[in-house]
Amino acid sequence: MADKKEKLVAVEGGVIPERDAGTPPVLEARHLGIDFGGLTAVDDFNFIIGKTEIGGLIGPNGAGKTTIFNLLTNVYQPTRGKILVNGVDTRGKKTYEVNRMGIARTFQNIRLFKALPVLDNVLVGMQGASGYHMGAAVLRLPVYWKQEKDAREKALELLSIFGMEHLADTPAGSLPYGAQRRLEIVRALATDPKVLLLDEPAAGMNPSETAELMENIRKIRDEFEIAVVLIEHDMNLVMGICEGIAVLNYGQIIAKGTPEEIRNNPLVIEAYLGRKEGAAGC
Amino acid sequence: MKQTVKRIPMPVRYLINTVLIALLVFGSTAYVNGGGVSGYITKVLMVIGINIILAVSLNVATGYLGQLPLGHAGFMAVGAYTGGIFLKAVNASELGGAGYAAAIAAALVLSGLVAAFFGIIIGVPALRLRGDYLAIITLGFGEIIRVVLTNIDDLLGFKLTYGASGLKRIPKITSYFNVLVCVVLTCLVIHLIMKSRHGRAILAIRENEIAAESCGVRTTYYKVMAFTLSAFFAGVAGCLYAGYLGSLQPTTFGFMKSIEILVMVVLGGMGSMLGSILSAITLTALPEALRAFEDYRMVAYSLVLVLVMIFKPTGLMGQYDFSLSRILEKLLNLGKKSKKEG
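First to last, the protein sequences are chains A and B. Last residue of the first sequence? That's 282 in the working numbering, and every number before it is there in order. Last residue of the second sequence? That's 342 in the working numbering, and every number before it is there in order.
Think of the hints as simulated: they come from the structure by calculation, not from any bench. Be aware that a few hints might be false.
Stated by the list, open to error - Sample of chain A residues lacking proximity to chain B, with all beta carbon distances greater than 10 Å (derived):
1. K7
2. E12
3. R19
4. M134
5. E148
6. S208
7. E212
8. D222
9. M235
As the list claims (entries may be wrong) - Derived DSS-like pairs (lysine-lysine); straight-line CA-CA distance at most 30 Å:
10. A:K154 with B:K195
11. B:K330 with A:K154
12. A:K146 with B:K195
13. A:K146 with B:K330
14. B:K195 with A:K149
15. A:K114 with B:K312
16. B:K330 with A:K94
17. A:K114 with B:K195
18. B:K172 with A:K114
19. B:K330 with A:K149
20. A:K194 with A:K146
21. B:K195 with A:K194
Fair warning: this is a prediction, and the values are worked out from it, not measured in the lab. Cβ coordinates follow ideal geometry from the N, Cα and C atoms, glycine included.
Here chain B stands alone, though its shape is the one from the complex:
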């Protein structure tokens, strides 16, 4: 009865994945930088990358933790302004070599941390409660951030945010390579956390909070942790966005932006990283492809959401996640089975 299932040992799995990721990152960067695609396509690819980070990070709070935050754009705004102000302050574009790279890395981390800090501030009171309070509180938070950024043009006496006229002349640090590295790191860190005891605790809270707590899971701690993680990467995405556009308008980070990200997560399937990535790509590329009909984009969004909810309520991917090793193992075992039969 005992089935001998061939398994790929862990070090080999990691080796395969590392090699493939490195190939993807360096190969595609070389292709893009070598002029393989037009400047316009490169820009679209960068936006896709930023949206992937946003969708994957929101998926942590929505798909894995099972909450409904409606203020993801707020965290993005916090990260964008932090990154923008920092990059302007250190004059990143005039730095060379290592200094330039360090400035970018510092800006990304700082943006993430400030957004994460806001995540903790919002999460601690909101996540102690059960139910839909988080949705309302984050909705309010997103709007507050937008309104504050619109109306305040100096911070503690320093002229930093420039109010409604927007933050301008931010060094354009975002490149295809930067974005891709951030996307890979985001997915990797989130994946590694979800496949650990911390990730299991987060999933247990989604599945049944009362049972999780009586199994010794510190529910409030893990809820705040997952929410903060989600905010951190939204901040990183914001920083990339600031460095991509070179100027920031508070109106960009309105409620609709939060919904746009949420739509990506819901469409892809809550709890599936692959789903978030795929739908972020689709929903970013599609409006670009349909530039002529951009007025109808929001209509299309709503329509897509309604249709998905009717025909596949769990999202396109459900909770399925892609694992190359699993597929390889299946192929290995398949080969074995047919050998036995043959």
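So that you can see chain A by itself, here it is in the shape it has in the complex:
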């Protein structure tokens, strides 16, 4: 499954991989737009992600990619348009509520709980899963022990995806850079998401780490049957694993399609490299 490229099929609102055509899209953005004062950061953004799709969001610096992640997680409230998670509108919801609806993310500038051990970072992600009350915690009722034990086991299992279970007691801030990025992914997975938003997961990684990350993203998708959307500048990674790609420039989508289509799209080439005529300086 890993290397076979899926064909994209058209459904209402956009294209998704063929295998997901039978199920409704897990994430949908319709005519999404946001203004910061007079600046339109994102405009008329339409986007649809199939149930197990790996989607890519690329574009030059400042195109509005991270803004879109912030919109999808309701860190910003959109000025126009709407976002549907499994068909449910997220308008007016808090960020943590959107997370519990199934959207988890990582951050471009790593935001780990640095002073806490690796394991606790993952356990924080499981907030929604274990539901004992504070009274049960203070009295150390059996429900506390059971849920803590289950959560701990699940956290170690998630850490083992990236082979990090032996680091469980290390403070997250003292991990090497690549491990911190991986821990962010594990923490996001701990929230039991349906869509995983990865903001430049390969930033600062060397080629072999990037290749490993690619494998792991695929593995996560296959194992958890979730969709992944990633922002990335590393074209090897994007072209290697993304099934559908959207290219953003100046807050607007300029192209959508499979990696091959994007690679040969003149508009994309223009956005990244500039126009051919009068390009003497290049």
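Given chain A's structure and the hints, the job is docking chain B onto it.
Here is chain B on its own, set in the frame of chain A:
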């Protein structure tokens, strides 16, 4: 490669700790009540206990949650006046046996709850915002409480607070045993909450609020919760203070009192319960030991703060917390390692 680390199972840990705490509480009470120390020392010990509760409770909001409340004395005042009025109303000193104990327990809980209620009122609007708003709002709150208590001598027509002349003839219910039990309970409850999913959520907010929220942590809820918890125990400490002194003056609960508590937390290390306890003991005992130089106490405070900030910005204990079991485990494993080598 796999290391077999000896761990002490949970029930044994709890047993060890319970036995030690019980020994501490009953043993030291027997010693103190049996005349082992002078009445003056007992009083100092009581004040130390009250200050420990104040410092440990403020540590929840400052060290664990990462906010900067400057009105802890305000919550203490609320608790003190609530406890004082309640104890006077039920005439606690005339009750005997079980009634007396029940009155004390009720006064402590009630003081805590009223302070916690104020905590929610202040916390809900203040903690929805990010940044330093809480410091300003709690600073204002503390001053408002003080000014209101100074200027109002009756509540809803009942002569209760007695304004600037102060609340007098409060039954002196506070004993060494009371204080010690409250200290143990405060530390225990806070510890148990911090070592649960709720505690982890609070720490996550301190570490990175944006990340915490996108991990599904209800940030506003937990911020208000931690702040309220902090206010609750400040109220309990206030009640003990009222029962210790027997009379209350609004001026006691000024801005300087809040700062005094904050200094204890910062000096001990924000986020370390052990640090709060140790510095509360030190900063209470030291002025008593240096009674002759009391005029310079505030100078010493400022100096100590400045020096700690220069040489150990994380406080004396940093975020280290004491765990007897951890030390025992280390010793166990140490013994094993040397056996292997030997």
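Do the hints match the structure? See the list:
With a least beta-carbon separation of about 33 Å from chain B, K7 of chain A lies farther than 10 Å from that chain, consistent with its non-interface assignment. With 10 Å as the threshold on Cβ separation, the claim that E12 of chain A sits away from chain B holds: the shortest Cβ distance comes to roughly 29 Å. Chain B leaves R19 of chain A outside its interface by the beta-carbon criterion, the shortest separation being 29 Å against a cut-off of 10 Å. At roughly 5 Å from the closest C-beta of chain B, the C-beta of M134 of chain A falls inside 10 Å, breaking its exclusion from the interface.
Listed as a non-interface residue, E148 of chain A fails to keep its Cβ farther than 10 Å from every Cβ of chain B; the least gap is roughly 8 Å. Listed as outside the interface, S208 of chain A is consistent with that label: its C-beta sits roughly 23 Å from the nearest C-beta of chain B, beyond the 10 Å cut-off. With a cut of 10 Å on Cβ distances, E212 of chain A stays outside the contact zone with chain B, its closest approach being about 22 Å. With a least beta-carbon separation of about 24 Å from chain B, D222 of chain A lies farther than 10 Å from that chain, consistent with its non-interface assignment.
Non-interface call for M235 of chain A relative to chain B: holds, since the shortest CB-CB distance, roughly 27 Å, exceeds 10 Å. Taking the CA atoms of K154 of chain A and K195 of chain B, the gap is near 18 Å; set against the 30 Å cutoff, the hint holds. In summary, the hint linking K330 of chain B to K154 of chain A is supported, as the alpha carbons are separated by about 27 Å, within the 30 Å threshold. With a C-alpha separation of about 14 Å, the suggested pair K146 of chain A and K195 of chain B falls inside the 30 Å cut-off, and the hint holds.
Restraint check for K146 of chain A and K330 of chain B: satisfied, since their Cα atoms lie roughly 26 Å apart, inside the 30 Å limit. Only pairs whose Cα atoms come within 30 Å are accepted, and K195 of chain B paired with K149 of chain A is accepted, the gap being roughly 13 Å. As the CA atoms of K114 of chain A and K312 of chain B are separated by approximately 19 Å, the hinted pair is consistent with the 30 Å bound. With a CA separation close to 44 Å, the supplied pair K330 of chain B and K94 of chain A exceeds the 30 Å bound.
For a cut-off of 30 Å, the pair hint linking K114 of chain A to K195 of chain B stands: about 17 Å separates their Cα positions. At roughly 47 Å between alpha-carbon atoms, K172 of chain B and K114 of chain A are farther apart than 30 Å, so this suggested pair is violated. Taking the CA atoms of K330 of chain B and K149 of chain A, the gap is about 23 Å. The hint holds against a cut of 30 Å. A distance of roughly 25 Å separates the Cα atoms of K194 of chain A and K146 of chain A; the hinted pair therefore holds under the 30 Å criterion.
A threshold of 30 Å between alpha carbons decides the hint, and for K195 of chain B with K194 of chain A the separation of about 29 Å falls inside it, so the pair holds.
In this structure, the earlier hints numbered 4, 5, 16 and 18 are contradicted, and the remaining ones agree with it.
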